[in-house]
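Chemist: Residue numbers (our numbering), protein chains in the order written: chain A, 1 to 359; chain B, 1 to 474.
Please keep in mind that the hints were generated in silico from the structure rather than gathered at the bench.
Careful: at least some of the hints might be erroneous.
Stated by the list, open to error - In the DSSO-like style, the derived pairs of lysine-lysine whose C-alpha atoms are separated by at most 27 Å in a straight line are: (1) A:K155 x A:K141; (2) B:K198 x A:K8; (3) A:K8 x B:K282.
Claimed, not checked - Facing chain B, from chain A, some residues (calculated, C-beta under 8 Å): (4) R48; (5) F52; (6) I56; (7) T75; (8) F77; (9) P305; (10) V342.
We put the CB at the ideal spot given by N, CA and C, even for glycine.
Next come the chains, spelled out residue by residue.
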Amino acid sequence: MMSQNSKKHTEACRFCWMCRHLCPVGLTTGREVNTPRAKALLLSMVDRGEKFDKDIAQAMYECVLCGSCTNDCVTGFDPTIFIREARTMAAVEDLLPKAVEEIITNISNTGNIYGVQKPKYTGTAAKAEVLLYIGEVAACKQPTLVTAIMSLLKKADIPFTVLEEEPASATFLGDLIGFVEEVRIQAKDCANAINTSGAKTVVVLDSYEATTMKQRYPEWNCTINADVVTATSFIAGLIEEGKLVPKKITGEVTYHDDSRLARDLDEHEPVRNIIKAMGLNLQEMFLNRRMAKCCGSELLKAYAPELAALTAEGRWEDVNRTTADTLVVVSPQVMNVMGAKVPSAKQIKDLYVLLDQAC
Amino acid sequence: MKCNAFMNDMVRSELEDIVGVEHVSTRESDKITYGVDYFWISRMWADKGQRPPQADYILHPGTAQEISKILKVANYYKIPVHTWGGGSGSQGGALPMAGGIILDMKRMNKLIEFDEESRTITAETGMIFQQLEWLANEHGYSTMHIPSCLTCGTIGGALAHRGIGIMSTKYGKIDDMCINMEIVLPNGDIMNTLPVPKHAAGPDLNQIFIGSEGTLGIITKATFKLFEQPENRQFRGFMFPNMTAGLSAGRDIMQKLKPSILRLYDEAETISIIKKIIGVEKKGSFMNLALEGDKRIVDIEMEIVRDIVAKYDGEDMGFEYGEKWYENRITFFYPGNIMEIPQMFGTMDTVADFKNIEKIYWAMKNAIESNFPGVRFIAHCSHWYEWGTMIYDRFIMDNPPQDPEEAIRLHNQIWNTGVRAAMENGGVINDHHGIGLKLSRLMKEQYGPAMQVLEGLKKTLDPNGIMNPYKLGL
């Protein structure tokens with residue numbers, strides 16, 4: 001049973017073709033069902049008596065929730081609303097794809113999508129005004145990135161702490177089953193843990209999680225008693241204040257704006273300021289900032305690795321049309337997804353690692 | 001073809017062997033999705049909760065060679081083949097009315113060549129046209145094919161239905177822009193049209209397949225002209241006392257100059273849609289015009305336009321309305337701005353010479369409004385030539401019959417009446433949306449004895465009649 005709000009959006013999108021050219025999944029699979037209009041059409045047919053079954057549920061997971069379609073819509077309709085809600089229906093009606101079920105089990109058992117014990121990191125102090133929220137992707141898959149950003153904070157003389165048992169932010173669970181009470185409870189636990197730390201500023205490494213904390217937590221009454229900032233804007237601020245002074249590096253790079261940082265948080269310039277501060281020549285991809293084509297996500301890679309490989313290839317095609325030999329990224333998710341498909345003539349580098357070397 | 005489950009699996013295996021298991025679908029979600037395109041009837045049918053027409057197999061080929069093999073299999077088993085691009089056509093041209101195969105072309109979306117010296121770009125036809133335009137833009141050029149469906153349709157779709165963009169008055173229709181094509185014929189042969197279209201080596205084969213709507217073959221690759229982005233683009237809005245004055249001014253402008261955009265709205269559209277979207281408050285017939293190119297030339301051309309407009313008592317409304325229209329040119333088509341179910345509506349675009357065009361406008365308007373109470377008629381002229389123009393006539397019915405079958409019959413009666421009024425007065429059955437399923441029944445009336453040319457081509461190229469049955473009158 002869909003909400004009235006979802007129905008409003010499905011009814012609007014079901015016969016609208018305007019944003020299909022932006023769907024990173026549809027562009028690579030070429031399948032009609034991988035368009036926002038097709039998903040809306042299917043749900044509208046369900047509302048008219050068609051059976052909501054595993055097949056339709058599966059179609060709802062062939063989406064990165066990157067918001068490119070939403071960003072394009074001049075009349076304000078948002079396919080992610082009904083896609084998320086359809087995922088809730090799939091969970092409630094026991095129609096989840098098997099791979100999705102496995103990830104939910106992992107989250108339930110370990111608090112992260114990988115189903116592993118999350119590695120522990122320590123800050124420079126047990127209590128500090130700055131709390132670094134590492135997130136599960138960086139913690140489990142990108143230790144080099146974590147080391148680099150911690151090194152940068154130390155070089156800038158910023159005392160910081162990390163949570164000894166960092167709870168999940170509810171980002172991935174929310175993407176998997178929609179914004180339901182279980183998700184809110186997970187978010188509440190995370191907000192409580194952050195509040196207990198007494199930090200005044202929370203620096204969030206993964207833009208997906210920063211988006212959840214900054215935009216969803218207030219909607220869910222999960223108050224964080226601190227400023228939530230993205231790692232990119234925090235580090236750019238340290239450079240601006242002269243606390244980090246990078247040496248100049250030569251080279252031509254391009255940068256991939258990840259969808260939640262660029263579209264949901266509308267943050268584009270801090271990264272570019274960091275790249276500029278290092279003296280690197282930034283060659284923009286044609287589709288950049290809010291228009292950037294999503295490369296996939298770690299969550300998509302976890303439950304549909306073949307789709308994530310295709311979306312990554314799609315974005316590499318854009319990189320390949322630039323003359324830059326290096327793709328710079330700031331997201332642990334982008335590093336994992338794009339890093340798995342690097343073409344032979346290109347390389348991928350994490351901005352914090354580069355900056356740490358330059359400082 | 002009648003086949004049981006056993007046979008279905010045999011055919012499916014052959015198709016999987018050609019394109020790969022992952023590129024053949026019989027999923028119900030796919031079947032529903034490919035049964036609804038932008039055609040009003042298919043949307044209304046879905047809105048009423050009716051099952052749409054369904055294909056048996058949905059294929060996603062990756063090469064022309066794969067398509068060739070698919071067509072050989074389809075011919076052997078006599079399975080209908082419906083080619084699908086973006087599915088955004090308004091005429092039902094892609095709907096799988098005969099079941100069988102849907103051939104979704106969108107995996108074939110690669111850029112093949114960018115030739116700066118010749119100013120051409122070549123790509124596979126499953127590419128969404130906006131992607132091709134962006135690739136051109138990356139190099140500082142444009143295809144200048146900017147239709148309202150730029151983001152919705154594919155290159156192949158634009159070619160198959162003989163599409164047009166908002167800049168057509170200067171840069172031409174898709175058939176003027178295409179240099180050459182690769183086509184898979186129904187028997188599986190892969191052919192190319194000649195390298196360039198201007199020659200004296202017989203008829204231009206491009207023009208046989210452009211507009212053929214998947215009934216004569218499948219276009220897999222195409223080369224298009226590229227244009228420099230104009231140094232200067234100037235807009236101007238004018239208000240004429242009526243449509244007659246506006247048409248006369250438009251004719252005189254076209255017979256001296258080549259604007260990129262020239263749009264003239266009748267009084268009904270001026271006080272409804274134009275007022276809503278760009279805020280023009282005055283009564284009359286609104287004209288939006290753009291000139292572009294070298295600024296020195298554009299300045300002189302605009303002076304000539306102003307002189308012509310003054311001759312027909314047109315009021316100069318300045319550049320703001322034109323710029324606002326340009327900024328909002330796609331906004332018109334988003335949900336909330338565009339006409340939508342449960343309304344019944346349709347665009348009966350026709351094209352004719354200047355001698356007949358106004359007569360056609362009034363004939364269509366009177367035929368629709370006098371025969372169908374509760375139906376409104378609005379129109380504009382948006383693509384112009386030295387010899388004539390088109391009319392983008394739309395009918396709108398706010399409260400159509402609830403019963404879907406009754407609605408289909410009324411819909412078709414309105415279309416028959418409007419289109420026949422156009423054809424009887426020297427207009428053509430359609431200007432730029434194509435024929436598809438919607439107008440198929442009227443093709444013989446349009447062509448008369450000339451229809452045997454198209455029928456002869458069909459019979460020779462597709463003797464088993466497997467290619468997109470029931471479309472284009474073939």
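Chemist: Compare the structure with each hint and give your call.
Modeler: Going through the hints against the structure:
no., hint, result
1, A:K155 x A:K141, "24 Å, holds"
2, B:K198 x A:K8, "52 Å, violated"
3, A:K8 x B:K282, "34 Å, violated"
4, R48, "3 Å, holds"
5, F52, "11 Å, violated"
6, I56, "5 Å, holds"
7, T75, "4 Å, holds"
8, F77, "6 Å, holds"
9, P305, "13 Å, violated"
10, V342, "20 Å, violated"
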